[in-house]
Amino acid sequence: KQEVTQIPAALSVPEGENLVLNCSFTDSAIYNLQWFRQDPGKGLTSLLLIQSSQREQTSGRLNASLDKSSGRSTLYIAASQPGDSATYLCAVANSGYALNFGKGTSLLVTP
Amino acid sequence: DAGVIQSPRHEVTEMGQEVTLRCKPISGHDYLFWYRQTMMRGLELLIYFNNNVPIDDSGMPEDRFSAKMPNASFSTLKIQPSEPRDSAVYFCASSLRVSGANVLTFGAGSRLTVL
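In order, the protein sequence lines correspond to chains A and B. Numbering-wise, the first sequence is residues 1 to 111 according to the numbering used here. Numbering-wise, the second sequence is residues 1 to 115 according to the numbering used here.
Chain B with its partners taken away, still in its complex shape (with noise of 0.2 angstroms):
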């Protein structure tokens, strides 16, 4: 398996302008977080998908972020309008329940830098 997929892995761009950032997780998990990065702030969960349905969102920071799950294998997570203070660098993670735990594989991440 080539293991959780991000992409892209860099993005630079106005402020202003939509972002959307995407993730394939590993085939036969059934859950997806997305976290964020930052230096100050550490990683932050920001949403958790379990079999496509969104479960907790709390940590979605605005209504400029919004996070899809349409199928399985494929989840998008959309910043409109992007922030500077949106910069940061964006983890998607898949995990698969075995025996009453999550353990996560993460992706390389997507590092976002908003001008």
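Here chain A stands alone, though its shape is the one from the complex (with noise of 0.2 angstroms):
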């Protein structure tokens, strides 16, 4: 059964941070890799997808990288705002269909 790891469990920067979350698995044989942000209170909200051929996916200040062979993923939040503090999820699908959660990374900025 795919374990999906996430460290930290919490993390406090102050504002104007570059951070990075990290996601380890154990089945490398994923077929694709997905982070969301929780904010309290909400559902998730899908942030990047990386096909298991892709390498790193962007999207205005976050990076996310995959690095299938070594089981791990990196979120990179490039000038962290106070507006950016909510729960980080990784999430990995093996059969493209459902998917296995970490249990996430609280992020705080602090401004």
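Derived by calculation from the structure, the hints in this document are not laboratory data. Don't take every hint at face value.
Unchecked claim - Quick list of in silico lysine-lysine cross-link-like pairs, DSS-like style, CA-CA up to 27 angstroms: (1) A:K68 to A:K103; (2) B:K78 to A:K103; (3) A:K103 to A:K1; (4) B:K78 to A:K42; (5) A:K68 to A:K1; (6) A:K42 to B:K24; (7) B:K68 to A:K42; (8) A:K103 to A:K42; (9) B:K68 to A:K68; (10) A:K68 to B:K24; (11) B:K24 to B:K68; (12) B:K78 to B:K68; (13) B:K24 to B:K78.
As the list claims (entries may be wrong) - Chain A regions said to be covered by chain B (calculated; three or more residues, Cβ under 8 angstroms): (14) 37 to 48; (15) 100 to 110.
No residue lacks a Cβ here, since even glycine has one placed at the ideal position from N, Cα and C.
Two chains, two frames, a set of hints: combine them into the complex.
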């Protein structure tokens, strides 16, 4: 069974810092990997999707990388803002249908 | 589109009672997923449907849980009888397969508390 781990569980940074969130998975035979954002009391919002054949995806200040051979992905957030404060979840699809989620990294960006 | 709509948003019930959670997926989406989120276990997939047909229910914890999708615009997740350990946030998500990938749109969730 695919196990997805996210480190750290929580992170606090001052506004303006660049930061990296980490995700690791045990089964490298993945279909794709997605990063989501979850605000308190809300559902999940998809941020980036990386297909298994891709190495990275970018959207604005966000950049996600994928290294299948080592079972790792990183989410890089440039010039962090207080509005980036949320929980970020990594999810892996092995069959292309259902996602296996990590427990998330809770990010706090302080003004 | 109003997105994925879940009801109720909050439910407080007593142990032993029946609970029904409802979901209206995005029109045109052919996949529907039910997830449960707890602090201890994170997000767990319970069941998913494709074109209203249950495909994988291996995540359904016990026979007390059942899910139906009678048509493309409605799904229910029922717990009978409910127990305190069922307390969690239950999410419904729908998707349309694009370029071989499912990009899920999540509802706001139904927070269930069983006393």
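Structure-based check of all given hints:
{"no.": "1", "hint": "A:K68 to A:K103", "in the structure": "20 angstroms, holds"}
{"no.": "2", "hint": "B:K78 to A:K103", "in the structure": "25 angstroms, holds"}
{"no.": "3", "hint": "A:K103 to A:K1", "in the structure": "16 angstroms, holds"}
{"no.": "4", "hint": "B:K78 to A:K42", "in the structure": "22 angstroms, holds"}
{"no.": "5", "hint": "A:K68 to A:K1", "in the structure": "16 angstroms, holds"}
{"no.": "6", "hint": "A:K42 to B:K24", "in the structure": "17 angstroms, holds"}
{"no.": "7", "hint": "B:K68 to A:K42", "in the structure": "24 angstroms, holds"}
{"no.": "8", "hint": "A:K103 to A:K42", "in the structure": "16 angstroms, holds"}
{"no.": "9", "hint": "B:K68 to A:K68", "in the structure": "36 angstroms, violated"}
{"no.": "10", "hint": "A:K68 to B:K24", "in the structure": "35 angstroms, violated"}
{"no.": "11", "hint": "B:K24 to B:K68", "in the structure": "12 angstroms, holds"}
{"no.": "12", "hint": "B:K78 to B:K68", "in the structure": "8 angstroms, holds"}
{"no.": "13", "hint": "B:K24 to B:K78", "in the structure": "15 angstroms, holds"}
{"no.": "14", "hint": "37 to 48", "in the structure": "holds (count 6)"}
{"no.": "15", "hint": "100 to 110", "in the structure": "holds (count 5)"}
Of the numbered hints stated above, those contradicted by the structure are hints 9 and 10, listed in ascending order.
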